[in-house]
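**Student:** Sequence:
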Amino acid sequence: MWGEEDFLDILDEPGQMGRLMACIEFSKVLVSTYDMETLLTAVLERINAFIPAYNWSLLLLDRQTQELFFAVAVGVDTEDLKGVRLKVGEGIAGTVAQTGEPIFIPDVRRNGRFSSKVDGITGFATQSIIALPLSVRGEVIGVFEVVNVKDEEIFREKYLPLLSILSDYVAIAVDNVQNLHKLRARTFIDEVTGFYNARYLGFQLEHLIPEILKDGRELSAVFLDLDDFKAIVDTHGHLKGSRFLGEVARAIHSVLSPEDSLIRYGGDEFIILLPDHSQEEALALVRRLRQTLNQAVFLTEEKLNLKITASYGIATLPQDAGDKETLLLIADRAMFRGKGRGKDCIMLGQALTPVPED
5 MWGEEDFLDI
15 LDEPGQMGRL
25 MACIEFSKVL
35 VSTYDMETLL
45 TAVLERINAF
55 IPAYNWSLLL
65 LDRQTQELFF
75 AVAVGVDTED
85 LKGVRLKVGE
95 GIAGTVAQTG
105 EPIFIPDVRR
115 NGRFSSKVDG
125 ITGFATQSII
135 ALPLSVRGEV
145 IGVFEVVNVK
155 DEEIFREKYL
165 PLLSILSDYV
175 AIAVDNVQNL
185 HKLRARTFID
195 EVTGFYNARY
205 LGFQLEHLIP
215 EILKDGRELS
225 AVFLDLDDFK
235 AIVDTHGHLK
245 GSRFLGEVAR
255 AIHSVLSPED
265 SLIRYGGDEF
275 IILLPDHSQE
285 EALALVRRLR
295 QTLNQAVFLT
305 EEKLNLKITA
315 SYGIATLPQD
325 AGDKETLLLI
335 ADRAMFRGKG
345 RGKDCIMLGQ
355 ALTPVPED
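Residue numbers for the sequence shown follow the numbering used here, so the first one is 5 and each next one is one higher.
Hints in this document: simulated from the structure, not taken from any laboratory. One should not assume that every hint holds.
[Claimed, not checked] SDA-like cross-link-like pairs, simulated, lysine to any residue; straight-line CA separation at most 20 Å:
{"no.": "1", "residue 1": "Lys343", "residue 2": "Leu287"}
{"no.": "2", "residue 1": "Lys343", "residue 2": "Ile312"}
{"no.": "3", "residue 1": "Lys234", "residue 2": "Asp348"}
{"no.": "4", "residue 1": "Lys154", "residue 2": "Gly79"}
{"no.": "5", "residue 1": "Lys154", "residue 2": "Lys186"}
{"no.": "6", "residue 1": "Lys307", "residue 2": "Asn201"}
{"no.": "7", "residue 1": "Lys91", "residue 2": "Thr69"}
{"no.": "8", "residue 1": "Lys343", "residue 2": "Glu210"}
{"no.": "9", "residue 1": "Lys162", "residue 2": "Ser132"}
{"no.": "10", "residue 1": "Lys162", "residue 2": "Ile107"}
{"no.": "11", "residue 1": "Lys218", "residue 2": "Asp327"}
{"no.": "12", "residue 1": "Lys328", "residue 2": "Leu212"}
{"no.": "13", "residue 1": "Lys162", "residue 2": "Leu48"}
{"no.": "14", "residue 1": "Lys186", "residue 2": "Lys162"}
{"no.": "15", "residue 1": "Lys311", "residue 2": "Glu273"}
{"no.": "16", "residue 1": "Lys311", "residue 2": "Ala253"}
{"no.": "17", "residue 1": "Lys121", "residue 2": "Asn201"}
For clarity, every value in this text was computed on a predicted model and none was experimentally measured.
Make the full structure from the sequences, and use the hints.
**Tutor:** What follows is the structure in structure tokens.
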């Protein structure tokens with residue numbers, strides 16, 4: 005691998021001082037964000053600005069499946085790469101992930117390790133590849149790929165030493181972000197259901213509401229309380245009650261989109277955050293949710309075959325409230341008013357309007 009002396013040598017050449025300044029800017033990027041997509045996109049944009057190549061990609065390792073997935077790419081449509089995975093040992097990137105050693109292939113047609121899977125999906129024509137491991141503490145966490153460099157000889161002499169050093173710093177930044185996400189997961193995930201907890205609710209609303217108000221968008225919150233859950237716990241015990249909550253949470257989540265958030269607020273209460281949902285759109289979703297819950301049967305493996313209904317309160321920002329406290333208060337108040345009307349009821353916002361049965 006290249007070291008700092010090699011780096012200093014190439015900086016003595018004409019034009020390299022500009023690249024040094026670019027490296028300084030690059031280092032700022034590495035500590036400017038803890039959002040993985042933002043970080044990696046900025047990294048490739050900065051590198052692409054001063055190291056010439058037609059295509060760049062950065063793959064991260066899914067430790068559970070031992071597969072590489074494309075985290076970000078430059079030069080191809082990233083939508084085409086969503087869902088594409090390479091097993092460790094598969095193709096050039098997979099080989100680098102397996103061995104931890106960089107690979108330079110000047111002509112992929114003459115190399116048996118090359119996999120044409122990605123070219124077949126994207127329509128891209130790969131001719132040459134330079135792949136470097138992203139390693140932290142001796143463990144490969146991803147792979148840098150440079151495809152179809154503009155001048156292979158110049159690239160190897162002038163840019164590969166620089167890229168090798170930069171990849172080490174990128175690996176550290178990626179590892180830091182991943183560790184932060186793990187810490188947040190432990191902080192924000194409810195142990196019973198596997199979904200978000202009340203801590204996450206406060207954190208998310210602190211960031212989300214200012215954006216919603218600034219952009220003139222809407223945010224609906226749904227307060228949901230299970231009807232007669234206490235009777236289930238009293239009859240079947242707390243352990244089965246916890247399993248029941250987990251199954252109910254998964255049923256609720258099945259109705260939501262990736263942009264929505266499901267939070268277990270406490271006990272048998274849940275909150276659903278619906279960005280960019282008007283009151284009418286939130287009501288339509290809650291109606292689907294009520295139908296899903298009312299038709300579901302829970303704890304079937306234990307042969308208990310339990311049923312449940314819930315009471316729902318909907319509040320919408322800015323229609324019903326202008327801050328998080330008021331938004332949650334109105335949704336909560338609406339839910340309790342519905343429960344008082346006979347349960348399995350949906351109530352709307354500030355006016356506390358009951359929703360007729362479907």
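**Student:** All hints, please: hold or fail.
**Tutor:** Do the hints match the structure? See the list:
Of the supplied pair hints, the one linking Lys343 and Leu287 holds, its CA atoms being roughly 17 Å apart against a limit of 20 Å. Distance restraint check for Lys343 and Ile312: the Cα-Cα separation of roughly 14 Å lies within the 20 Å cut-off, and the hinted pair is therefore satisfied. Of the supplied pair hints, the one linking Lys234 and Asp348 holds, its CA atoms being roughly 16 Å apart against a limit of 20 Å. The hinted pair formed by Lys154 and Gly79 meets the criterion: a straight-line CA distance of about 13 Å does not exceed 20 Å.
Pair hint Lys154 plus Lys186 does not hold up; C-alpha atoms about 39 Å apart against a cutoff of 20 Å. Only pairs whose Cα atoms come within 20 Å are accepted, and Lys307 paired with Asn201 is rejected, the gap being roughly 29 Å. For the suggested pair Lys91 and Thr69, the alpha carbons sit about 8 Å apart, so the restraint of at most 20 Å is met. About 29 Å separates the Cα atoms of Lys343 and Glu210, which puts this hinted pair outside 20 Å; it is violated.
The straight-line distance between the Cα atoms of Lys162 and Ser132 is roughly 17 Å, inside the 20 Å bound, and the hint therefore holds. In summary, the hint linking Lys162 to Ile107 is supported, as the alpha carbons are separated by about 17 Å, within the 20 Å threshold. This hinted pair checks out: Lys218 and Asp327 have alpha carbons roughly 13 Å apart, not beyond 20 Å. For the suggested pair Lys328 and Leu212, the alpha carbons sit about 10 Å apart, so the restraint of at most 20 Å is met.
Between Lys162 and Leu48 the alpha-carbon distance is near 18 Å, which keeps this suggested pair within the 20 Å criterion. Of the supplied pair hints, the one linking Lys186 and Lys162 is violated, its CA atoms being roughly 38 Å apart against a limit of 20 Å. With a C-alpha separation of about 17 Å, the suggested pairing of Lys311 with Glu273 holds against the 20 Å cut-off. Among the hinted pairs, Lys311 with Ala253 is consistent with the structure: their alpha-carbon atoms are about 14 Å apart, no more than 20 Å.
At roughly 40 Å between alpha-carbon atoms, Lys121 and Asn201 are farther apart than 20 Å, so this suggested pair is violated.
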